[in-house]
Structures are given as C-alpha cells and as structure tokens.
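*Asks:* In order, the protein sequences belong to chains A and B. The opening residue of the first sequence carries number 1 in my numbering; numbering runs sequentially from there. The opening residue of the second sequence carries number 1 in my numbering; numbering runs sequentially from there.
Take the hints with a grain of salt, since some may be wrong.
Within a straight-line C-alpha distance of at most 25 Å, the following computed PhoX-like cross-link-like pairs (lysine-lysine) qualify [what the hints assert, rightly or not]:
#  : chain 1 : residue 1 : chain 2 : residue 2
1  : B       : LYS97     : A       : LYS64
2  : B       : LYS124    : A       : LYS207
3  : B       : LYS154    : B       : LYS7
4  : B       : LYS155    : B       : LYS97
5  : A       : LYS118    : A       : LYS47
6  : A       : LYS64     : B       : LYS147
7  : A       : LYS207    : B       : LYS134
8  : A       : LYS77     : B       : LYS286
9  : A       : LYS162    : B       : LYS134
10 : B       : LYS155    : B       : LYS7
11 : B       : LYS147    : B       : LYS286
12 : B       : LYS136    : B       : LYS154
13 : A       : LYS67     : B       : LYS291
14 : A       : LYS47     : B       : LYS134
15 : A       : LYS47     : B       : LYS124
16 : B       : LYS291    : A       : LYS77
17 : B       : LYS299    : A       : LYS68
18 : A       : LYS67     : B       : LYS299
19 : B       : LYS155    : B       : LYS134
20 : B       : LYS7      : B       : LYS97
Source of the hints: derived by calculation from the structure; they are not laboratory data.
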Amino acid sequence: MTTGYTFYPCGDHAITLALGDRIDAGINERVIAFFYYLSSQQVEGIKDIIPAYHTLTVVYDLEKLVKKSGTASVYQKMHEWLQAAWLRHTGDSAVMRQMQIPVCYHPSLGPDLESVAKSCSMDIDEIIDVHTSIPYRVYLIGFLPGFAYMGTIDARIATPRKATPRTLVPAGSVGIAGRQTGIYPFDSPGGWQLIGQTPLQMFNVRKDQPSLLQPGDEVQFYQVTLTEFNQIRADEYPHP
Amino acid sequence: MSIRILKAGLLDSIQDAGRYGYQHWGINPGGAMDSIAMSVANILIGNEASEPVIEMHFPPADILFEENAMIALAGADMRATVNGQAIPVHQPLLVAKDSVLRFSGLVSGTRVYMAVHGGWQADKWLDSCSTHLKVKAGGYHGRSLQKNDTLLFKKSISKPAQIPCTLLPWRANLSGLYNAGEFRFIEGNEYALLNARSRTSLTSASFTIAQQSDRMGFRLTGPVLTLDSQQELISTAVTKGTMQLLPDGQLIILMADHQTTGGYPRVGHIISADIPSLAQLPAGKKISFSKTDIASAEKAARLQQANLQQLQNACNFRLQPFFANES
C-alpha cells in the first residue's frame, strides 16, 4: 500500500504519525504493527505510545528532555527518530489474537435492541444474527480504560449515536455507534445504542494486563442466554 | 507514622507525576494538576520532585498528625493552621505529634499540595501512585481521602518539633515557575480548519472558565468558534493541554484526567509550561490566549525546569546540615 504519511505535533510534548485520512483495516494494521515495534525499543524519555485508527502518537517527557537537549529542538529530534524508525520498520504485522466474547442480547440488557431493530426494519433475531456473523477488529482502545472501538459492522445494522446520551450505561453493555461496535468496561455515561451485555469483566485492575482486549485483536461475539449470562457473570465478578 | 483524616475534604487524593505508559489501554495518565506545586512541595523538604503528594481542593480535610513529621504545602493558599497557628505555603515545617492541620479560607489558587519528608505510603498501580477514581486503583485504595482514613508516611523526624510546629527558615521563590499572563498555545492539527474570524477571536477575545470544569478538563465559555467546513474527524490521540472545539463552538482544555483519544477538532494545545498556572484558576475566571510555536514552548519548559533545579539545589544545601544534625 502506498498511503502517504505525515508527522505533526500533538502539543509540545507529543508527536503524531498519520497514515492517510480514513478508517481502514489495512492502515490500522500498519499502525498497530508499528506500535508493537516501537514498544519493543528502549528509548529514553518516551512516556506513551498511543495507536489509534490511522495515527500513532508518541508522548515524551518534555521536562526531562529539555534538560538534556541544550538548545536543540526536542521536537526535531523526536521527529527524526520517529521517521527513521518508521522507515526502518519492516511492517511485519503482530500476531492477531482471536477473542470470543459472549453477549446476552436480552432486551433487559440491551435497552435499545428494539428501537435499533425498528429503525433497521429488521426483527431482533436478525440484528443478533448480523452482529454475531463476522469477527471485528479492535481498531483502538480509548474513551475509558479498556474501551475497545471495534468495526466494521454491517451497514444494515449501523445506527447513529443516541441524540441524548444516557447518564449511566452499565459496565459490560455492548453498543453500536455508526458502523462501530464497542463494550463499556465501566458504569459510565454514554451515547451508544445498547443492544446487549457481556458477562465478562472487560477491565480488571488486579490483572497485569487489565484490559481484556488489546489493539489489533480480532473479536467474535457469540450469543448466550440470560441464564448463561448470569452464570458467567457470577464467576467473573466474585463480589457482585 | 501516620496522619488521620478528622474531617473529609471536598476532593483530596494522592497524586504524583502521572501514570504514563498505558494510554494504549485507554488508561488516562492522571497525576497532579499543578505539577509545579507538587515539585515545589517535595523539593522544599528534600524529596524527589515527583514523590506522591496529597492534592486538596477547597475545603480540604482536617488532618491529625499521629507522629512528628516534616511537611511542606505548595500551590493554593487556603489559610492553613496547625493547632491554630497560621502557617505559610511554600515553606517547610516540622509538625509535632498530635497537632491538627486545618484550612480556614481560600485566599488564592484552587489546589494545595502537601508533601511529607520521606514520602507517603501509597498504593502503586501500573508504576504510579496517582489515584485513579474510575478504576479505583492507586493512591489510597483508589479513592479520595475520607473521615478516619489513616495514611502512613515513611519517615519520622526524631528532632522534636516545638508544639505545635516549627517553621524552617527558608521559602521557595516562585518567580519563573508560573505564568501570570496570557496562556500560550501552539497550533493543533485542526487549527487551520477554523475560519478567519474564529482564529482572530481565539487570540483576542476573553474566555471564562465554566462551572463544569474538573480534573478531566476545563470547559470555557466565550465567542462561538466555527470551522470553515464541518468535517467528520477520525478519533485520535489527545494530550494534556489539548484545546478541543466542541460541537457547540465552545472550547474544552484537557487536563490531568483527560481521555486518551478524542474526535473533536484540536484547535490548539496549551504549552506544558503554562498548565500549572491554568490548574490553579477557579471557575468564573476570565482568561485569554496567545499563539506561540514549539521552539518557544520548549524554551519556556527549559527555563521552568532550570528554575526548579535551582530551587532544588538551594533546598538541598539548606537541608544538608539539618539532616546531619538529625542523624
């Protein structure tokens, strides 16, 4: 692929590499491969590497780096380093993890299921069939700790965000926003259309890797009954 | 060695320089809103600049010292007293066992930081002691300090303080650490999308910090800013200081607890050196902006760090004989 790339400052302590200007699985795959490549390098002063749909942002320790740089531009140095790394990087993709996520599509857990079905002129079972028919890519994690933005869902079930966001969306809720789907890891306000709920704990602070999903994962949803949902949930959350 | 919270404050939490290295999991960095005050409080008593501190909002907690301690307050002036004796900010002191620290009024600023010599015994989660309220981790059991909480600190001071406290004879000079003027920003990637009138407004109008401002971000009210053409942006990373343009044409400046990614146009980014000053402003305050470039932003950060280093050298020099006598 010959997508153009650009660099720009994201504040005075971060630099962003942007690949093209659209949401595309191939571009995101390159972003994430480069993310894993950079993460394996030990570079002083790098605080964070944030992959998103078509961008990768490196946050650096300006306070520390200005002390060492004399009067030379820290940004210029970071730019040169990131560009060299980008050109050096072979583009080998990281191994994609495949994750199975149970979802209970019961109207009590997916309060927007009926209205989504109505607006798509489908019945609820068709919505469920379409939502579970293909695996989705985790393009990025953002918004909340462990919140995975996944896509791309079938255009037939794409639904815009709610005009007025809910003040409280329960943790585990599975939602749709446009052609994206996602899972709320925490009770939080939110505007996505809620079609179900997973019994899994998407973010567990006690784990070394607290976020169940990682950027670049492939996620397959499968339907569980309300009884199964409650069983799995009881195991996942020991203290409900 | 501990303090005990006699009465909870509005929002008192343990913070350090922030939790970096995990934004790819959506984990917001957090950390002290006013990193300069955090550094000054620590430096005054010989700690590392980024040692965890207690960040307090008005009204702060009433705090009982259950052991002698050397402490320093920095940032906002909230009329602190120890057993009724007024104590200044930005000056180290020895507090005697069984004394009570209280705050009786807001004089200036919005956040006061308390450091203890040797540091607080705080929970570390993912390399940082900053309190993450959402996931309930780090700091003090991942939450703000409440009545009857006991927070341990690592070192006592054997030299008995006079009752109730003894001020040590040096103060921090804050000149060169804060900015009292316009807030400087560099262009964001979407700055060029602003129409000409809005670009002018951004640097000529004044903006008011709105009530709905918190550790996540400062919402501003000011002239409505508009883009030349509305376009759907793809979510991408944001950083501390990012000025996002909300759909209603108003700005939000992202602060310590900011989300890791966002989809609103980033019209600018407040420079790092000016964030601590911004963090001390209350809702209702009017502010204005001036545009600068990265080279100037780096120069400002360099100068600020040099001043902080100078303060640290001076404090360490003063502390040396103190701790020599101590042992």
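*Asks:* Could you run down the list of hints and mark each one as holding or not?
*Replies:* Now the hints, each set against the structure:
1. Proximity of B/LYS97 to A/LYS64 is assessed by CA-CA distance (about 37 Å); at most 25 Å being required, the pair is judged violated.
2. Using a Cα cut-off of 25 Å, the hinted pair B/LYS124 and A/LYS207 holds, with the two alpha carbons roughly 14 Å apart.
3. Restraint check: the Cα-Cα separation between B/LYS154 and B/LYS7 comes to about 23 Å, which is no more than 25 Å; the hinted pair holds.
4. For the hint linking B/LYS155 to B/LYS97, the alpha-carbon distance of about 13 Å falls within 25 Å, and the restraint holds.
5. Distance check on the hinted pair: A/LYS118 and A/LYS47 sit about 47 Å apart at the alpha-carbon level, beyond 25 Å; violated.
6. For a cut-off of 25 Å, the pair hint linking A/LYS64 to B/LYS147 is broken: about 38 Å separates their Cα positions.
7. Our distance criterion of 25 Å between C-alpha atoms is met by A/LYS207 and B/LYS134, whose separation comes to about 16 Å.
8. Restraint check for A/LYS77 and B/LYS286: not satisfied, since their Cα atoms lie roughly 36 Å apart, outside the 25 Å limit.
9. For a cut-off of 25 Å, the pair hint linking A/LYS162 to B/LYS134 stands: about 23 Å separates their Cα positions.
10. Of the pairs offered as hints, the one joining B/LYS155 and B/LYS7 holds, with about 24 Å between alpha carbons and a cut-off of 25 Å not exceeded.
11. With a C-alpha separation of about 35 Å, the suggested pairing of B/LYS147 with B/LYS286 is violated against the 25 Å cut-off.
12. A C-alpha spacing of about 23 Å is found between B/LYS136 and B/LYS154, which places the hinted pair at or below 25 Å, so the restraint holds.
13. Proximity of A/LYS67 to B/LYS291 is assessed by CA-CA distance (about 24 Å); at most 25 Å being required, the pair is judged to hold.
14. Between A/LYS47 and B/LYS134 the CA atoms are separated by roughly 21 Å; this keeps the pair inside 25 Å, and the hint holds.
15. Of the supplied pair hints, the one linking A/LYS47 and B/LYS124 holds, its CA atoms being roughly 17 Å apart against a limit of 25 Å.
16. Simply put, B/LYS291 and A/LYS77 have alpha-carbon atoms about 23 Å apart, close enough for the 25 Å limit, and the pair holds.
17. A distance of roughly 13 Å separates the Cα atoms of B/LYS299 and A/LYS68; the hinted pair therefore holds under the 25 Å criterion.
18. Pair hint A/LYS67 plus B/LYS299 holds up; C-alpha atoms about 10 Å apart against a cutoff of 25 Å.
19. Proposed proximity of B/LYS155 and B/LYS134 is contradicted: the alpha carbons are some 30 Å apart, above 25 Å.
20. Distance hint between B/LYS7 and B/LYS97 is fulfilled; the C-alpha atoms sit about 18 Å from each other, no more than 25 Å.
Consistency with the previously given hints fails for numbers 1, 5, 6, 8, 11 and 19, ordered from lowest to highest.
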